[in-house]
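Protein chains in written order, with full-length UniProt numbering: chain F, 1 to 220; chain R, 1 to 222.
Hints listed in this document are in silico derivations from the structure and should not be mistaken for laboratory results.
Please note that a few of the clues may not be correct.
Said to hold, decoys possible - In silico DSSO-like pairs for lysine-lysine, Cα to Cα no more than 30 Å straight-line:
| no. | chain 1 | residue 1 | chain 2 | residue 2 |
| --- | --- | --- | --- | --- |
| 1 | R | K211 | F | K92 |
| 2 | R | K152 | F | K77 |
| 3 | R | K41 | F | K150 |
| 4 | F | K188 | R | K141 |
| 5 | R | K152 | F | K92 |
| 6 | R | K211 | F | K139 |
| 7 | F | K48 | R | K141 |
| 8 | F | K84 | F | K210 |
| 9 | F | K114 | R | K152 |
| 10 | F | K37 | R | K152 |
| 11 | R | K41 | F | K156 |
Stated by the list, open to error - Label-pair restraints from in silico Cβ distances:
| no. | chain 1 | residue 1 | chain 2 | residue 2 | range |
| --- | --- | --- | --- | --- | --- |
| 12 | R | A218 | F | S142 | 36 to 42 Å |
| 13 | R | D91 | F | K139 | 29 to 35 Å |
| 14 | R | P9 | F | T140 | 25 to 31 Å |
Even for Gly, the Cβ is constructed at its ideal location relative to N, Cα and C.
Listed below are the residues making up each chain.
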Amino acid sequence: MVLKLYGNPQATCTKRVAVVLYEKKIPFELVVIDLSKGEHKAPAFLEKQPFGQVPYIEDDGFTLFESRAISRYLDAKYPNKGPKLTPDSDLKAKALFEQGVSIEQSNFDPFASKAIMEAIFKPMFGQTKNDAVYDEAIKTLSAKLDAYEKILAKQKYLGGDGVTLADLFHLPYGSLLATAGSDLMTSKGPNVTRWWKDISSRESWAAIAKGIPAGVNKFD
Amino acid sequence: MVLKLYGSPVASCTLRVAVVLYEKKIPFELYPIDLQKGEHKVPTYLEKQPFGQVPLLDDDGFVVFESRAICRYLEAKYPNQGPKLVPASSDLKATALFEQAASIETANFDSFAGKVAVEGYIKPQFFNLPKNQVVYDEAAKTLSAKLDAYEKILSRQKYLAGDELTLADLYHLPFGTNVAAAGCDLLTSKGPNVTRWWKDISSRESWTAVKKGIPAGAIEFD
């Protein structure tokens with residue numbers, strides 16, 4: 001049975017999972033959850049995802065939520081399809097990968113997502129952008145990217161010298177920063193710029209950047 | 001060579017790592033970084049941890065930072081010492097549910113509990129700064145809603161990832177404890193399942209040993 005991805009074609013965390021599906025060419029069906037209609041808060045949805053958030057997957061009866069957990073599961077389930085997006089058994093390589101994943105979740109996501117919430121999502125839903133909150137988030141993100149600039153001066157990607165989930169996890173919010181009015185990803189320094197251009201030009205991202213196609217997606 | 005843990009004896013993320021060291025009885029020595037003196041922002045520290053945060057692990061020259069990454073490394077390096085804190089990687093579904101739980105902690109607990117803890121306890125207690133009541137109230141409100149979901153999950157299973165304790169549960173200990181210290185009783189008032197789970201994990205010997213501060217000097221285990 002084809003894997004079902006319950007989410008929204010434009011939602012950041014749904015796209016996070018979609019990138020991995022495209023990287024590994026795993027066939028899937030996008031089941032659209034209309035956030036503007038509150039479908040993610042309906043009792044039937046909350047049964048599967050008690051936090052009322054997208055996405056979740058259903059893989060032959062196995063339900064899983066949290067986009068980064070889903071991404072890890074897909075890479076583990078299909079190790080020989082497409083690129084290996086997590087290191088294999090080397091203890092140190094794994095530790096540096098986990099360090100990279102944690103960096104994204106603790107030092108990038110909270111600030112990037114806050115800035116984007118103010119500048120893009122709130123206006124989309126008829127609310128006013130709070131300039132002070134936006135500026136504070138961008139200021140903190142800028143300081144965090146100073147650290148990225150140092151790390152990426154010594155290694156090609158955030159988790160080591162090969163691309164991993166730790167890099168790909170940045171794509172949804174990272175890509176919206178420019179739309180939000182911040183050019184940090186291409187102005188912080190040569191290393192962040194190099195890294196950002198590299199990962200944001202991957203085919204998997206290009207395929208879904210403007211929205212994940214609804215219905216069944218197959219790969220040759 | 002004995003593991004070196006650079007951090008603050010009472011700082012939340014340093015304690016997160018210490019719990020795992022105690023669970024698995026891994027000998028280590030705490031190298032204190034004085035946060036109030038800004039020792040985490042000096043150039044020699046930033047060389048190793050460019051975000052200027054604690055903790056940092058130096059395992060015979062191999063440096064890792066980010067407390068949850070350090071915890072995972074310790075579990076992977078000493079799989080047969082103490083309890084198994086992650087499922088076997090060969091069990092795809094159990095591993096996925098562990099990763100789901102670990103992500104829940106970071107995305108749905110940490111920042112809200114952290115804000116409650118910082119405003120209600122850490123700022124007044126350690127830095128003599130006033131509590132921002134608006135930030136505190138907003139964070140407590142969101143945390144309460146998140147714990148409604150925890151209550152549902154924990155009504156079906158003993159721990160956050162399933163019926164076995166994992167790192168995902170232990171990660172909650174530092175900020176969870178500070179939430180209570182901040183005067184917010186959510187973890188023992190939200191519902192019977194959250195209460196049961198919280199009492200279980202917060203009464204573990206490993207947490208009791210470090211919650212008032214990691215002892216200085218070399219730590220050995222029998």
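Hint check results:
no. : hint                         : verdict
1   : K211/R to K92/F              : 29 Å, holds
2   : K152/R to K77/F              : 28 Å, holds
3   : K41/R to K150/F              : 15 Å, holds
4   : K188/F to K141/R             : 36 Å, violated
5   : K152/R to K92/F              : 37 Å, violated
6   : K211/R to K139/F             : 33 Å, violated
7   : K48/F to K141/R              : 23 Å, holds
8   : K84/F to K210/F              : 25 Å, holds
9   : K114/F to K152/R             : 28 Å, holds
10  : K37/F to K152/R              : 24 Å, holds
11  : K41/R to K156/F              : 25 Å, holds
12  : A218/R to S142/F: 36 to 42 Å : 40 Å, holds
13  : D91/R to K139/F: 29 to 35 Å  : 44 Å, violated
14  : P9/R to T140/F: 25 to 31 Å   : 27 Å, holds
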